[in-house]
Amino acid sequence: MTQMTFGPAFTEEGILFRLWAPLHESVSLTIEGADPRQMQAVGGGWHHYTVADASVGTRYRFALPDGLEIPDPASRFQPQDVHGPSEVVDLSFCRWKTSDWTGRPWEEMVIYEMHIGCFTPEGTFKAAIERLDHLQALGVTALQIMPLSEFPGRYSWGYDGVLPYAPDSSYGRPEDFMALVDAAHQRGISVFLDVVYNHFGPDGNYIPSYAPLFTDHHKTPWGNGINYDGDGSEMIREFIIENAIYWITEFRLDGFRFDAVHAIKDDSAEHLLHALARRVRDAAGDRHVHLIVENEENDSDLLTRGENGEVKLFTAQWNDDVHHVLHITATGETFGYYADYAGDAGKLGRALAEGFVFQGEHMPYRGANRGRPSGHLPPTAFISFIQNHDQIGNRALGDRVLASSPADVVKAVAAIYLLAPEIPMLFMGEEWGAREPFPFFCDFDEDLNEKVRKGRREELSRLPGFDADDLLDPTAPSTFAAAKLDWSKLASSELLDFYRTLLDLRHRRIVPLLKGAGAGNAVYRSAGSALAVNWTLAQNRRLHLHANLGAEAVPPVSQQDDGETIFRLGGSDGGNLSPWTVMWSIGEV
1368 MTQMTFGPAF TEEGILFRLW APLHESVSLT IEGADPRQMQ AVGGGWHHYT VADASVGTRY
1428 RFALPDGLEI PDPASRFQPQ DVHGPSEVVD LSFCRWKTSD WTGRPWEEMV IYEMHIGCFT
1488 PEGTFKAAIE RLDHLQALGV TALQIMPLSE FPGRYSWGYD GVLPYAPDSS YGRPEDFMAL
1548 VDAAHQRGIS VFLDVVYNHF GPDGNYIPSY APLFTDHHKT PWGNGINYDG DGSEMIREFI
1608 IENAIYWITE FRLDGFRFDA VHAIKDDSAE HLLHALARRV RDAAGDRHVH LIVENEENDS
1668 DLLTRGENGE VKLFTAQWND DVHHVLHITA TGETFGYYAD YAGDAGKLGR ALAEGFVFQG
1728 EHMPYRGANR GRPSGHLPPT AFISFIQNHD QIGNRALGDR VLASSPADVV KAVAAIYLLA
1788 PEIPMLFMGE EWGAREPFPF FCDFDEDLNE KVRKGRREEL SRLPGFDADD LLDPTAPSTF
1848 AAAKLDWSKL ASSELLDFYR TLLDLRHRRI VPLLKGAGAG NAVYRSAGSA LAVNWTLAQN
1908 RRLHLHANLG AEAVPPVSQQ DDGETIFRLG GSDGGNLSPW TVMWSIGEV
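Numbering (our numbering), first residue to last: 1368 to 1956.
In short, the hints are calculated from the structure, not lab data.
These numbers were taken from a predicted model, which means no experiment stands behind them.
Heads up, the beta-carbon is just placed ideally off N, CA and C, and yes, glycines get one too.
Keep in mind that a hint or two might mislead.
Keeping only pairs whose Cα atoms sit at most 27 angstroms apart, straight-line, the calculated DSSO-like set for lysine-lysine is [unchecked claim]:
hint : residue 1 : residue 2
1    : Lys1586   : Lys1818
2    : Lys1851   : Lys1821
3    : Lys1632   : Lys1818
4    : Lys1851   : Lys1818
5    : Lys1679   : Lys1882
6    : Lys1586   : Lys1632
7    : Lys1464   : Lys1493
8    : Lys1679   : Lys1778
9    : Lys1493   : Lys1851
10   : Lys1856   : Lys1493
11   : Lys1851   : Lys1778
12   : Lys1586   : Lys1821
13   : Lys1679   : Lys1632
Pairwise CB distance ranges, derived in the manner of DEER restraints [to be verified]:
hint : residue 1 : residue 2 : range
14   : Arg1645   : Ser1466   : 20 to 28 angstroms
15   : Ser1845   : Glu1380   : 46 to 54 angstroms
16   : Gly1652   : Gln1553   : 20 to 28 angstroms
17   : Ser1635   : Ala1894   : 42 to 50 angstroms
With the hints as extra help, turn the sequences into a complete structure.
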């Protein structure tokens, strides 16, 4: 902790409490059970005070001149939620069972997105550990945990966090999260954390009362942008970058998913995203650390590779385009933005072969051009999925509509995205066909709760599957409870073995061909519901996909004699591809 600029530091004289509050000349420190102590202004907006008899477990607040008591913005633990005192913790006592863990190469990733509060009935870090053996047997090699930063209330998706250094207390203590990471590493599973650096939540964010956190020079969907390039931005940038380094070094995480990076506005000479990627990789040293972006703009520049294929900035991007085409294929929905992806299998072919469907073309739903060319990138620069928290949760009922599709349809789309060279990501419970919804939920005070209810109706009415008349109350305890996985359904699942078989095949036959695979070497052909895609991969091998993603038999769009068939779902009838056929084969270049 002494290497961090923010938060308590252990020194020979005691515990040094620190607050950067440039908007005030004086700040007091309040230790529970003791009188307030005037902190020393040490320059640059910093206020310090060392307490000789403070220790692990000490609870404290800072008091501003107007009497407002605030938690430490770099609090490591908030036992009484966002408005309560911060608690001193010492994570150096952790005895890692996997101290030699250096991570896994990116090509080996099979990602599993989870929400700690809904993954188990208990909704805790400790309870999640008990389910890791299931994920290991499934073939998962990476957890992607939805945001953990301390948020207000009893439950939340996590994107309204306000104290980014503190794992939310509803899930357990920081030490419990470390135990989860250690247990995952014991099973060869990497751990990524979803982090939100584009906005702060609306309740419990006290930073603007003492520091220039926001700027009116940039606007975001949540209001003024975070001040990454104006007066006082140096410390704001450092606060965020050190937060990422904190998770990597103290908790030994293997990387991040950065939420909505298109909403991170910065006109600095070095954009925050570039500085963050550079410094996180430096802090990780020789460990495998992978950085994932969510980027509505489809900006392929963030995914740039070097001459030898090495990652320059960010490892991969969530590829919504693949999801949208597969979703339409399985469900027939063409509402909202899905309409821009409907038509023929060629859109899926382009997404699989080149990354993005929209690479600068006009997108009617947006009313503007979207994306940049992406065909020059390797397939591993993209993450494919058929479920995630957004695509389920931004429906009126948070329903997993794909899970209700016919079994042959579900298997067909799963067989495509789990065996394609892109990196696959499952959403918790998908592997056994879980039907539990995942609606948006949060827990604010009544005034904010009503604003959320109104905002969901007004702002999301254009999204697919959204009907304001059927909208669940996102603030009700029952909405959160409905999202918890029902593990009793696991034993009766007919889909689970199918997923295990596909992922075993992926690890044995596909993964060895991904490392060193050249970029921009994929081609596709399509006609109606028929699709063929060829990827030139490593070891002088070519991977072939032939599929019919429709309910009628159709002729293939290319010859099927492409080497060794490694997977077949469906088949051919009189030279035509049967409905919902997926065939994978490997041949020589």
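Under the criterion that the straight-line Cα-Cα distance not exceed 27 angstroms, is the pair Lys1679, Lys1632 satisfied? holds, 20 angstroms
Cβ-Cβ distance between Ser1635 and Ala1894: within 42 to 50 angstroms? holds, 49 angstroms
Pair hint outcome, Lys1586 versus Lys1821 [Cα-Cα no greater than 27 angstroms]: With Cα atoms ~21 angstroms apart, Lys1586 and Lys1821 stay inside 27 angstroms; holds.
Glu1380 and Ser1845 - C-beta distance against the hinted 46 to 54 angstroms: With a Cβ separation near 51 angstroms, Ser1845 and Glu1380 satisfy 46 to 54 angstroms, so the hint holds.
Proposed proximity, Lys1493 with Lys1464 (alpha carbon, max 27 angstroms): holds, 16 angstroms
Cβ distance range 20 to 28 angstroms for Arg1645 and Ser1466, holds or violated: holds, 26 angstroms
Given pair status - Lys1818, Lys1851, alpha carbons within 27 angstroms: holds, 25 angstroms
Does Lys1818 sit within 27 angstroms of Lys1586, going by the straight-line distance between their CA atoms? Between Lys1586 and Lys1818 the Cα gap is close to 20 angstroms, so the pair holds against 27 angstroms.
Hint consistency between Lys1679 and Lys1778 [alpha-carbon to alpha-carbon, up to 27 angstroms]: violated, 36 angstroms
Straight-line Cα separation of Lys1856 and Lys1493 no greater than 27 angstroms? holds, 21 angstroms
Check whether the Cα positions of Lys1851 and Lys1778 lie no farther apart than 27 angstroms. Distance ~24 angstroms between Lys1851 and Lys1778 Cα, so the pair holds.
In this structure, is the beta-carbon distance linking Gly1652 and Gln1553 contained in 20 to 28 angstroms? Since the Cβ atoms of Gly1652 and Gln1553 sit about 21 angstroms apart, the hinted range of 20 to 28 angstroms holds.
This entry does not satisfy hint 8, going by the numbered hints stated previously; all others are met.
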